[in-house]
Amino acid sequence: AQSVAQPEDQVNVAEGNPLTVKCTYSVSGNPYLFWYVQYPNRGLQFLLKYITGDNLVKGSYGFEAEFNKSQTSFHLKKPSALVSDSALYFCAVSMYSGGGADGLTFGKGTHLIIQP
Amino acid sequence: GAGVSQTPSNKVTEKGKYVELRCDPISGHTALYWYRQSLGQGPEFLIYFQGTGAADDSGLPNDRFFAVRPEGSVSTLKIQRTERGDSAVYLCASSLTRTLNIKNIQYFGAGTRLSVL
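Chains A and B, in that order, are what the protein sequence lines are.
Take the first sequence: its position 44, counting from 1, is numbered 44 in the numbering used here, and each next residue is one higher.
Take the second sequence: its position 89, counting from 1, is numbered 1089 in the numbering used here, and each next residue is one higher.
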């Protein structure tokens, strides 16, 4: 069975500072990794994903994530945080089987709070 | 049209009642997924469809839960004999296909908040 761990319930960062939201995963094969963001009363919005290729993936709104196979991690990063980045962030993993992708397995989420 | 549409946005029901939750995916998307998000948790996979057929229903918690997608577009999640533990936000997502590639991602609706009293 696959699983995702987000070890921090909340991350606090001052505006303008770099941010990191941690994610580790456990799968039996090659993982396909995703980050989604959730704003209050809104659906999940896709940020970025790793399928194959370069370990550093760039996504929406200046976010990026680095796939590290040896550490089974896929941490989300941004060089300079904005107050508007404050939201709930989810890491997810999917397995590719047969004809396509299975449903996503999500972590519990990390509240990111950017302080002015 | 726009994104994934879910109706109703909120549903309050009494324990033991039957409810239906509707999902209207993005036009042309062949894959459709249902998830359940309990308070303070990440979304939990329930079922997905490729076209009209349920390709994987392993996430459905028990036989009170059932989903259909008769014409390969709109899907309905049905819950019989609701229990208080069924209270959660039910999310629907769609993607162009099931194929994993750079361009194909799951787009989520805003969800239906189900409250069982």
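Keep in mind that a hint or two might mislead.
BS3-like, lysine-lysine: derived pairs with alpha carbons at most 30 Å apart [stated by the list, open to error]:
1. A/K108 x A/K58
2. B/K1015 x B/K1078
3. A/K108 x B/K1015
4. A/K58 x A/K77
5. B/K1015 x A/K69
6. B/K1011 x A/K108
7. A/K77 x A/K22
Simulated from the structure, these hints should not be mistaken for laboratory data.
Going down the list of hints, with the structure as the test:
Pair hint A/K108 plus A/K58 holds up; C-alpha atoms about 23 Å apart against a cutoff of 30 Å. As the CA atoms of B/K1015 and B/K1078 are separated by approximately 15 Å, the hinted pair is consistent with the 30 Å bound. Pair hint A/K108 plus B/K1015 holds up; C-alpha atoms about 27 Å apart against a cutoff of 30 Å. Straight-line distance between C-alpha atoms of A/K58 and A/K77 comes to about 10 Å, which keeps the hinted pair within the 30 Å bound.
As the CA atoms of B/K1015 and A/K69 are separated by approximately 46 Å, the hinted pair breaks the 30 Å bound. Pair hint B/K1011 plus A/K108 holds up; C-alpha atoms about 24 Å apart against a cutoff of 30 Å. Between A/K77 and A/K22 the alpha-carbon distance is near 9 Å, which keeps this suggested pair within the 30 Å criterion.
Consistency note: the structure conflicts with earlier hint 5 alone.
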